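Participant: If you read the protein sequences in the order shown, they are chains P, W, B, Z, H, E, G, R, C and Y.
For the first sequence, my numbering gives the first residue as 1, with consecutive numbering after it.
For the second sequence, my numbering gives the first residue as 101, with consecutive numbering after it.
For the third sequence, my numbering gives the first residue as 201, with consecutive numbering after it.
For the fourth sequence, my numbering gives the first residue as 301, with consecutive numbering after it.
For the fifth sequence, my numbering gives the first residue as 401, with consecutive numbering after it.
For the sixth sequence, my numbering gives the first residue as 501, with consecutive numbering after it.
For the seventh sequence, my numbering gives the first residue as 601, with consecutive numbering after it.
For the eighth sequence, my numbering gives the first residue as 701, with consecutive numbering after it.
For the ninth sequence, my numbering gives the first residue as 801, with consecutive numbering after it.
For the tenth sequence, my numbering gives the first residue as 901, with consecutive numbering after it.
Where hints are given, some of them may not hold.
Lysine-lysine pairs mimicking BS3-like chemistry, simulated, CA-CA at most 30 angstroms apart [said to hold, decoys possible]: (1) Y/Lys928 to Y/Lys941; (2) R/Lys724 to W/Lys119; (3) R/Lys717 to R/Lys733; (4) Y/Lys917 to C/Lys828; (5) B/Lys241 to B/Lys219; (6) B/Lys219 to B/Lys233; (7) Z/Lys341 to B/Lys241; (8) E/Lys524 to C/Lys817.
Here are some of the chain Z residues that sit facing chain B, going by a computed Cβ distance under 10 angstroms [what the hints assert, rightly or not]: (9) Gln332; (10) Gln335; (11) Leu343; (12) Gly348; (13) Asn352; (14) Thr378; (15) Thr386; (16) Ala390.
Here are the in silico distance ranges between beta carbons for each label pair [said to hold, decoys possible]: (17) H/Lys419 to B/Gly270: 27 to 37 angstroms; (18) G/Thr678 to W/Glu163: 38 to 48 angstroms; (19) B/Lys233 to H/Asp414: 35 to 45 angstroms.
I should point out that these hints are in silico values taken from the structure, not numbers from a laboratory.
All values derive from a computational prediction rather than experimental measurement.
We put the CB at the ideal spot given by N, CA and C, even for glycine.
There are 10 protein chains.
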Amino acid sequence: MLYMVHMNVEIPADMDKAKADEIKATEKAYSQKLQRDGRWKHLWRIVGEYANVSIFDVASNDELHQLLSGLPLFPYMTITVTPLATHPSAI
Amino acid sequence: MLYMVHMNVEIPADMDKAKADEIKATEKAYSQKLQRDGRWKHLWRIVGEYANVSIFDVASNDELHQLLSGLPLFPYMTITVTPLATHPSAI
Amino acid sequence: MLYMVHMNVEIPADMDKAKADEIKATEKAYSQKLQRDGRWKHLWRIVGEYANVSIFDVASNDELHQLLSGLPLFPYMTITVTPLATHPSAI
Amino acid sequence: MLYMVHMNVEIPADMDKAKADEIKATEKAYSQKLQRDGRWKHLWRIVGEYANVSIFDVASNDELHQLLSGLPLFPYMTITVTPLATHPSAI
Amino acid sequence: MLYMVHMNVEIPADMDKAKADEIKATEKAYSQKLQRDGRWKHLWRIVGEYANVSIFDVASNDELHQLLSGLPLFPYMTITVTPLATHPSAI
Amino acid sequence: MLYMVHMNVEIPADMDKAKADEIKATEKAYSQKLQRDGRWKHLWRIVGEYANVSIFDVASNDELHQLLSGLPLFPYMTITVTPLATHPSAI
Amino acid sequence: MLYMVHMNVEIPADMDKAKADEIKATEKAYSQKLQRDGRWKHLWRIVGEYANVSIFDVASNDELHQLLSGLPLFPYMTITVTPLATHPSAI
Amino acid sequence: MLYMVHMNVEIPADMDKAKADEIKATEKAYSQKLQRDGRWKHLWRIVGEYANVSIFDVASNDELHQLLSGLPLFPYMTITVTPLATHPSAI
Amino acid sequence: MLYMVHMNVEIPADMDKAKADEIKATEKAYSQKLQRDGRWKHLWRIVGEYANVSIFDVASNDELHQLLSGLPLFPYMTITVTPLATHPSAI
Amino acid sequence: MLYMVHMNVEIPADMDKAKADEIKATEKAYSQKLQRDGRWKHLWRIVGEYANVSIFDVASNDELHQLLSGLPLFPYMTITVTPLATHPSAI
Chain P
1 MLYMVHMNVE
11 IPADMDKAKA
21 DEIKATEKAY
31 SQKLQRDGRW
41 KHLWRIVGEY
51 ANVSIFDVAS
61 NDELHQLLSG
71 LPLFPYMTIT
81 VTPLATHPSA
91 I
Chain W
101 MLYMVHMNVE
111 IPADMDKAKA
121 DEIKATEKAY
131 SQKLQRDGRW
141 KHLWRIVGEY
151 ANVSIFDVAS
161 NDELHQLLSG
171 LPLFPYMTIT
181 VTPLATHPSA
191 I
Chain B
201 MLYMVHMNVE
211 IPADMDKAKA
221 DEIKATEKAY
231 SQKLQRDGRW
241 KHLWRIVGEY
251 ANVSIFDVAS
261 NDELHQLLSG
271 LPLFPYMTIT
281 VTPLATHPSA
291 I
Chain Z
301 MLYMVHMNVE
311 IPADMDKAKA
321 DEIKATEKAY
331 SQKLQRDGRW
341 KHLWRIVGEY
351 ANVSIFDVAS
361 NDELHQLLSG
371 LPLFPYMTIT
381 VTPLATHPSA
391 I
Chain H
401 MLYMVHMNVE
411 IPADMDKAKA
421 DEIKATEKAY
431 SQKLQRDGRW
441 KHLWRIVGEY
451 ANVSIFDVAS
461 NDELHQLLSG
471 LPLFPYMTIT
481 VTPLATHPSA
491 I
Chain E
501 MLYMVHMNVE
511 IPADMDKAKA
521 DEIKATEKAY
531 SQKLQRDGRW
541 KHLWRIVGEY
551 ANVSIFDVAS
561 NDELHQLLSG
571 LPLFPYMTIT
581 VTPLATHPSA
591 I
Chain G
601 MLYMVHMNVE
611 IPADMDKAKA
621 DEIKATEKAY
631 SQKLQRDGRW
641 KHLWRIVGEY
651 ANVSIFDVAS
661 NDELHQLLSG
671 LPLFPYMTIT
681 VTPLATHPSA
691 I
Chain R
701 MLYMVHMNVE
711 IPADMDKAKA
721 DEIKATEKAY
731 SQKLQRDGRW
741 KHLWRIVGEY
751 ANVSIFDVAS
761 NDELHQLLSG
771 LPLFPYMTIT
781 VTPLATHPSA
791 I
Chain C
801 MLYMVHMNVE
811 IPADMDKAKA
821 DEIKATEKAY
831 SQKLQRDGRW
841 KHLWRIVGEY
851 ANVSIFDVAS
861 NDELHQLLSG
871 LPLFPYMTIT
881 VTPLATHPSA
891 I
Chain Y
901 MLYMVHMNVE
911 IPADMDKAKA
921 DEIKATEKAY
931 SQKLQRDGRW
941 KHLWRIVGEY
951 ANVSIFDVAS
961 NDELHQLLSG
971 LPLFPYMTIT
981 VTPLATHPSA
991 I
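Start from the sequences and build out the full structure, keeping to the hints where you can.
Facilitator: Structure (structure tokens):
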């Protein structure tokens, strides 16, 4: 079941650089693990922004919330979720 | 080169049904031709809306505008284009 | 799996009254059938508006879109869907 | 008498973790007491957000404000209240 | 129990003048009846707009919706309802 | 001459509690003095928000600005003013 | 007493040209009469828009509403009124 | 003196095709005349929209309004004007 | 050449009071000098807000930007500029 | 391939002045290097704002994101990118 997820990152300007780097590294590993197991199907950067558009493929709303709220950057992101359905013209 | 495209369809309530059906049929054929040649990579319905989210893969801004403005439903849609780049965490 | 759905109805001012009445009657029957089978769990009127807030309980995004796009008033409504998850403090 | 309440939580990034944990624990107990006495009828998490949608069943506007302004997280939330009425098609 | 109600009137430009005049006359009588029985406590015009701000005093959300949806101009208005509570500094 | 005034209070999370309490006490006395002399005609709390809707009755725009900018909480509020006129259907 | 008034004109595309010309001519005479008697102090066109920014000098909210609602183009305009006060740095 | 101008075209769906074609042809000639004399310096299509972004180089606000309000499509466009100044880092 | 300028002041709550007072005094002197030489034609306070509406009369976009960016409060203001033209009905 | 880029700068009020000056100097050099090699074709200041409108000419979405995310002021800017195409009336 597919969802489009828009994530906008807003790390506070006064966060310690070492801490920020550690969160970003953990985020990257977390993200790549989910990409490898097929649940984070697509991940694209929006040009000019510290933001991404992603497509998730999960079994339920609850599973999606568990994945998103577990993101190391979750406390510093504004996330919008759009549920997707099959389009009748899609091949 | 990837772009996310959001299309919202607003066919006038007083359009002749036969005309509307013909436009939709032409739209479907147009869309599937582009899906088959790989330029319209993904096409999803937004749940509860007469709208879609799509991913296009084209060589230039001009090519994308040519494809979108050629859509049979173009006069009846509000389209928003978001250019996408490679995400550093994407695998 | 739960979703909150907001529906705002905008019937064109020049629609024939008999036609409007027929659509509303069909809508009511359609809605009550879904309420009885448990998929349209809650249906509330927003005070002062020709709009409602509903809770749907369905198995998938596709099933929800099929139900919503089949609403007799679908062409005359603006619908917004919010996927819901279990809240950790809910009892 | 029913109301839909949307609560968006924005705890300051620099709040002491122990203090934040204590507020959240008090909030959870406060919420569950109201759920048990039937005034906080439904509590759902919005997928991907630190926010919830709730349904309250209270006797008056004043009672609802007393409950909401007493929430331990009240100073850190943006709350929107929508009064609900019986829908003529509800069964 | 008090509610602030904002009503914005948008009568279609092509409505027959006789019909519009009749609706407005019925609206006026309807409004004054509610003002006299104390449920429509205040009614003010917003300067420069075909809109009003009103204060209603009713027993429930359902009663308010019944009154508002019964307005002769209801099909031609955008209405927003804000529930009010006692302010701790009010005398 | 009447004006509707919407005041939304946003006291900084890190303000010293003693200072905040003092400002609020001064605000309350200031507000009640104006209510008693008839210029602050109505004061209502918006349910679920740290905000109020008020009706002022003053002789001029300048007098209203003098009253509002003198509010002890003025530096911490977002204020919107709507000038009101007599409604032709008001009794 | 001064007010800034923003007027945006939206004449329906299908209005008879003779009727539109007559309304505009009446509007011009009406406006110039008010400019001459000093109540419509300033009238400027917003570059690129069928809109204006104006400054009115009237004795009360009621007088302003009477003037604005009497504009021949009133049914075809969206008007926003901002009450102005003396600025402490104005000379 | 430079201005950025955003023009969004909204031709009514029921306009006669011959009339629309004639307006568009006149618009094109009008635009190219201004481009040739150097006052309409740049004209770009926004990808996916019936809209453009333009740069005008004129002597005054009045001259710009005269050019824009003379556009054959002016009655069918929403125009936004942004005045530009020299950037200190521009070479 | 006239421009309407809207300035909204947002001085950080934690700015040293002496520093704030000095900036405001410099701002006042700066503003009055421009009012005296005729380039800052009008300056009005918006009722209930720490904001103003002004009319500037300058020779070019560049001159206006130079004046506005030189305001002592410039780093603490949100400014919006609207270019004005002669209105055909102005006398 | 052209893109319009809108950049709004928001440097934190408490940033050390020496650090801010250094970032701005690096930004200027970075910007001028790109202007000289032809990829940053136009750079204009928006009158009254700490913001600019720019036109970039690059080979791909990825190249544009690389340039923009490399801006020394990138962490302190809100950037919006609009892809542009050839306009059929452009000469």
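Participant: Each hint needs a verdict: does it hold in this structure or not?
Facilitator: For each hint, the structure was consulted:
no.: 1; hint: Y/Lys928 to Y/Lys941; verdict: 15 angstroms, holds
no.: 2; hint: R/Lys724 to W/Lys119; verdict: 24 angstroms, holds
no.: 3; hint: R/Lys717 to R/Lys733; verdict: 24 angstroms, holds
no.: 4; hint: Y/Lys917 to C/Lys828; verdict: 24 angstroms, holds
no.: 5; hint: B/Lys241 to B/Lys219; verdict: 28 angstroms, holds
no.: 6; hint: B/Lys219 to B/Lys233; verdict: 21 angstroms, holds
no.: 7; hint: Z/Lys341 to B/Lys241; verdict: 14 angstroms, holds
no.: 8; hint: E/Lys524 to C/Lys817; verdict: 21 angstroms, holds
no.: 9; hint: Gln332; verdict: 5 angstroms, holds
no.: 10; hint: Gln335; verdict: 5 angstroms, holds
no.: 11; hint: Leu343; verdict: 5 angstroms, holds
no.: 12; hint: Gly348; verdict: 8 angstroms, holds
no.: 13; hint: Asn352; verdict: 6 angstroms, holds
no.: 14; hint: Thr378; verdict: 16 angstroms, violated
no.: 15; hint: Thr386; verdict: 7 angstroms, holds
no.: 16; hint: Ala390; verdict: 5 angstroms, holds
no.: 17; hint: H/Lys419 to B/Gly270: 27 to 37 angstroms; verdict: 35 angstroms, holds
no.: 18; hint: G/Thr678 to W/Glu163: 38 to 48 angstroms; verdict: 40 angstroms, holds
no.: 19; hint: B/Lys233 to H/Asp414: 35 to 45 angstroms; verdict: 38 angstroms, holds
Hint check: a violation occurs at hint 14 only; the rest are consistent with the structure.
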